[in-house]
Amino acid sequence: MAALKRSAQTVVQAARSDKKITTQALLAGLFPDLMELFGDRLSGDDPALRGGIATFGHQPVTVLSTDKGSDLESKIATHFGSPTPTGYRKALRLMEQAAKFNRPIISLINTPGAYPGQSAEEQGQGAAIAADLLKASQLPVPMISLIFGEGGSGGALALACGDRVWMLQNSFYAILSPEGFASILWKDAKKSGQAAKVMQLLPEQLLAQGIIEKIVPEKQPATLIETLREQLLAEIARLQQLTPTELLVQRQARFRKF
Amino acid sequence: MRLFNKRHYIHLPAAPAELKQRQSQVPDGLWQRCPYCHESVYYRDLGAFKVCPNCQYGFRLTAQQRLDQLTHQFQPWDTGLTAQDPLHFPGYQTKLAQVQHKTGLQESVVTGKARLGHYPVALGVMDTHFFMGSLGSATGEKITRLFEKATAQRLPVILLTASGGARMQEGIHSLMQMAKVSQAVAAHHAAGLLYIVVLTDPTTGGVTASFAMEGDLILAEPHALVGFAGQRVVAQTTQQPLPSDFQRAETVLQTGFIDRIVPRPQLAQTLRQLLAWHQPKVGE
Numbered sequence: 001m002a003a004l005k006r007s008a009q010t011v012v013q014a015a016r017s018d019k020k021i022t023t024q025a026l027l028a029g030l031f032p033d034l035m036e037l038f039g040d041r042l043s044g045d046d047p048a049l050r051g052g053i054a055t056f057g058h059q060p061v062t063v064l065s066t067d068k069g070s071d072l073e074s075k076i077a078t079h080f081g082s083p084t085p086t087g088y089r090k091a092l093r094l095m096e097q098a099a100k101f102n103r104p105i106i107s108l109i110n111t112p113g114a115y116p117g118q119s120a121e122e123q124g125q126g127a128a129i130a131a132d133l134l135k136a137s138q139l140p141v142p143m144i145s146l147i148f149g150e151g152g153s154g155g156a157l158a159l160a161c162g163d164r165v166w167m168l169q170n171s172f173y174a175i176l177s178p179e180g181f182a183s184i185l186w187k188d189a190k191k192s193g194q195a196a197k198v199m200q201l202l203p204e205q206l207l208a209q210g211i212i213e214k215i216v217p218e219k220q221p222a223t224l225i226e227t228l229r230e231q232l233l234a235e236i237a238r239l240q241q242l243t244p245t246e247l248l249v250q251r252q253a254r255f256r257k258f
Numbered sequence: 001m002r003l004f005n006k007r008h009y010i011h012l013p014a015a016p017a018e019l020k021q022r023q024s025q026v027p028d029g030l031w032q033r034c035p036y037c038h039e040s041v042y043y044r045d046l047g048a049f050k051v052c053p054n055c056q057y058g059f060r061l062t063a064q065q066r067l068d069q070l071t072h073q074f075q076p077w078d079t080g081l082t083a084q085d086p087l088h089f090p091g092y093q094t095k096l097a098q099v100q101h102k103t104g105l106q107e108s109v110v111t112g113k114a115r116l117g118h119y120p121v122a123l124g125v126m127d128t129h130f131f132m133g134s135l136g137s138a139t140g141e142k143i144t145r146l147f148e149k150a151t152a153q154r155l156p157v158i159l160l161t162a163s164g165g166a167r168m169q170e171g172i173h174s175l176m177q178m179a180k181v182s183q184a185v186a187a188h189h190a191a192g193l194l195y196i197v198v199l200t201d202p203t204t205g206g207v208t209a210s211f212a213m214e215g216d217l218i219l220a221e222p223h224a225l226v227g228f229a230g231q232r233v234v235a236q237t238t239q240q241p242l243p244s245d246f247q248r249a250e251t252v253l254q255t256g257f258i259d260r261i262v263p264r265p266q267l268a269q270t271l272r273q274l275l276a277w278h279q280p281k282v283g284e
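Order-wise, the sequence lines are chains A and B. Counting with full-length UniProt numbering, you get residues 1 to 258 for the letters of the first sequence. Counting with full-length UniProt numbering, you get residues 1 to 284 for the letters of the second sequence.
Only chain B is shown next, with the shape it has when bound in the complex:
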């Protein structure tokens, strides 16, 4: 009865050493899954702007990548400002040191004076790779100084937001940043100066409930998550499944809180146009 002895598999000899070596040389990340439409995308097809060719979702960028895409002239401000540990929170300083080492950043926002086309501007870029872009005391301080310097130098402010919200490890001190930054925004506003927000994925929590929603103009990247409460909390509250486009930029635009959605490749041009329209008139 050899019929029943027939094997349903074939036996492969162990991979030769050379093959194993070649396998180890295949780099990771050649294919990336779009977090929005879930298509697998070959990394080259994302292009220089790192945009999903299927749905236009902009992959998360580092602050440096953002700066490279927007400006050729950037003079950073307050680079030495770094997170404090006001609550002496267990493990926070170690984690901070690790994240600083890994990202090369001192805090979750990079600020400075930039030139977009012909126009000087105070520019801030938040980076989700640093504690999920959360709002620590030093983050708030850098953004506050961005507005203060912009007010003193009569510059417009452009801020690209990306944040999971408050920095839990800094507790109430994180909450106070919302009020502190808002005061600086109010002073900038009272001086008649322009403030443009660009909401990028994700902008949530205390950042949404303060400076991300205080712009004269509020732009957003396609499909960026924009909201106050976290989706898990909202789902728990309503006890119902949330619509698939809940808190996405397109929905937030529909409900009236975003001026315009701008695909990433057009962002620099759009910002230059807006700056041009808001240049002070000669003699002002």
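Isolated chain A, as found in the complex:
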């Protein structure tokens, strides 16, 4: 990539920027007939984790996406894109549904991380994410994840345990926010720039380490959506040539190497 010499801090800022393509724009562009489905069938619905069924190419797919909201009200309702246990259980339900009806899964990720609130802890945030990790390792259908802004820790991993993980050029994927990292290691959240540098959270660094498979260049929204559609369709077609057993063996090898 031409952009190899970018500073980590710049990319972190670009990933969080207001100009970043929104969940709404991606969903509308990629899945115009998306029928959104709600609820975890246990306790409620979490607007920070959206999902549903859409036509993609010639077939139905299951779509999962985090959402940061677009105005103040929806930003507060989504905890600025941080899913609650309800959200992760909704994702689990929709993944199971996709497996039952043999639909590929596409997940779109832009989250600072799982919501760290008192209620989220009491509703079992850890258990909810763990259930997604367990389920994703056994899904007999292709699953492709795209990190398009922030890929924050376990909250992002819960939706990125499939066969391919791709990232937009201006996005990052990390164990923790650079602020949290600096705060834990150096007791100083202001050293986030330095943290971003040592964390190796840039797409090109993650690609080199085999954490992700592809970096998608970020262009005008219309062009970006066209590129994404083409590449996702091609990749789903490739993955669908595998038997479910071959698919699971490959997926297991993908994570076993770390």
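Possibly wrong hints are sitting among the right ones.
Stated by the list, open to error - No farther apart than 25 Å at their CA atoms in a straight line, the calculated lysine-lysine pairs in the DSS-like style are these: (1) A/K135 x A/K20; (2) A/K190 x A/K19; (3) A/K197 x A/K5; (4) B/K95 x A/K197; (5) B/K95 x A/K190; (6) B/K149 x A/K257; (7) A/K187 x B/K281; (8) A/K135 x B/K50; (9) A/K5 x A/K191; (10) B/K50 x B/K102; (11) A/K20 x A/K190; (12) A/K135 x A/K214; (13) A/K20 x A/K197; (14) A/K214 x A/K257; (15) A/K5 x A/K214; (16) B/K95 x A/K191.
Stated by the list, open to error - Facing chain B, according to a computed beta carbon distance under 8 Å, are these residues of chain A, among others: (17) P116; (18) Q125; (19) A127; (20) L134; (21) Q138; (22) P140; (23) L206; (24) L207; (25) I211; (26) E213; (27) I215; (28) P217.
Source of the hints: derived by calculation from the structure; they are not laboratory data. We put the CB at the ideal spot given by N, CA and C, even for glycine.
On the provided structure of chain A, position chain B as indicated by the hints.
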């Protein structure tokens, strides 16, 4: 006016050399403060299990102390596996060498095949004295192999968790361990085998969000801290003081994520009973 000249203190002569020597021989740590109920406890009153006599909180143990309490037969696996430095993180290798020297451990988990009563079991014990029990690549690899070997040998797995969460110095490679271990747990589960988790103080972060919450049975020690997000972060998020028993095992049981709280002196017996109930039937 000698009244105003009266001293309000007495003057002690300097301690004789002998007294100083005797003072230096008084060992530290005879009295320990319980981190949960804050009572000061004479160390002998903690007993062999290192449990607070006032509140039953189990003091943090080393992996070796845990093994001694649970089993007389332990054959360690993958002892040579040691932390890598995938990010070439400044200062990490030096710190690792220091911690390895100090603890005598190669990583934050000890794994192997043990016998509890009559029952063979794949046993893993995490140790907070090694980088706060954090989940490094080698930690994840050892736990993954624990499950893989258990699946191959058709053994149940018992895992005692204790972890501050991800190993920051290994960055995203630490995160990948959550997925890797979960896959091995799923395969063990699919083989119809038993997995028992014992949550010990503290079990947090990425460990809670993966294998600590994936057991068929999830036990916990009294008052163990069990949660995903750190308390400081939660307090910052909610901008309100947290309840005093927030993220303690009793609360987590109340909210439905722990099967049972087992005081440490009863742990070995409880595990043996559970293993007995899950023995494969003859002919299976």
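Hints and how they fare:
Restraint check: the Cα-Cα separation between A/K135 and A/K20 comes to about 30 Å, which exceeds 25 Å; the hinted pair is violated. Between A/K190 and A/K19, the direct Cα distance comes to roughly 24 Å. Compliance with the 25 Å bound is thereby established for this hinted pair. Taken as a hint, the A/K197 and A/K5 pair is honoured in the structure, with Cα atoms around 12 Å apart against an allowance of 25 Å. Distance hint between B/K95 and A/K197 is fulfilled; the C-alpha atoms sit about 20 Å from each other, no more than 25 Å.
A distance of roughly 24 Å separates the Cα atoms of B/K95 and A/K190; the hinted pair therefore holds under the 25 Å criterion. At most 25 Å may separate the alpha-carbon atoms for a hinted pair to count; B/K149 and A/K257 meet this at roughly 17 Å. The straight-line distance between the Cα atoms of A/K187 and B/K281 is roughly 54 Å, outside the 25 Å bound, and the hint therefore fails. With a C-alpha separation of about 38 Å, the suggested pairing of A/K135 with B/K50 is violated against the 25 Å cut-off.
Taking the CA atoms of A/K5 and A/K191, the gap is about 20 Å. The hint holds against a cut of 25 Å. The hinted pair formed by B/K50 and B/K102 meets the criterion: a straight-line CA distance of about 21 Å does not exceed 25 Å. Using a Cα cut-off of 25 Å, the hinted pair A/K20 and A/K190 holds, with the two alpha carbons roughly 24 Å apart. With a C-alpha separation of about 24 Å, the suggested pair A/K135 and A/K214 falls inside the 25 Å cut-off, and the hint holds.
In summary, the hint linking A/K20 to A/K197 is supported, as the alpha carbons are separated by about 21 Å, within the 25 Å threshold. The hinted pair formed by A/K214 and A/K257 meets the criterion: a straight-line CA distance of about 18 Å does not exceed 25 Å. Pair hint A/K5 plus A/K214 holds up; C-alpha atoms about 18 Å apart against a cutoff of 25 Å. For the proposed pair B/K95 and A/K191, the alpha carbon gap of about 21 Å is at most 25 Å, so the pair holds.
A hinted interface residue such as A/P116 counts as satisfied when its beta carbon comes closer than 8 Å to some beta carbon of chain B; here the least separation is about 3 Å, so the hint holds. Contact between A/Q125 and chain B, as hinted, is supported at the beta carbon level, the nearest pair being about 4 Å apart and thus within 8 Å. Because the closest C-beta pair between A/A127 and chain B is about 4 Å apart, less than 8 Å, the hint holds. The criterion of a C-beta within 8 Å of any C-beta in chain B is met by A/L134, whose closest approach is roughly 5 Å, and the hint holds.
Checking A/Q138 against chain B: minimum C-beta separation of about 5 Å stays under 8 Å; hint holds. Below 8 Å, beta-carbon pairs count as interface contacts, and A/P140 has none with chain B, the closest being about 12 Å; its hint is therefore violated. Against a cut-off of 8 Å between C-beta atoms, the interface hint on A/L206 holds, since the closest Cβ of chain B lies about 7 Å away. Against a cut-off of 8 Å between C-beta atoms, the interface hint on A/L207 is violated, since the closest Cβ of chain B lies about 12 Å away.
Among the interface hints, the one on A/I211 holds; its C-beta lies about 6 Å from the nearest C-beta in chain B, closer than the 8 Å criterion. For A/E213, the interface hint is violated, since its Cβ never comes within 8 Å of a Cβ in chain B; the closest pair sits about 14 Å apart. Taking 8 Å as the C-beta cut-off, the interface hint given for A/I215 is violated, the closest approach to chain B being about 15 Å. Given the 8 Å rule on beta carbons, the hint for A/P217 is violated: about 22 Å separates it from the nearest Cβ of chain B.
In summary, the structure is inconsistent with hints 1, 7, 8, 22, 24, 26, 27 and 28 from the numbered list given earlier, while agreeing with the others.
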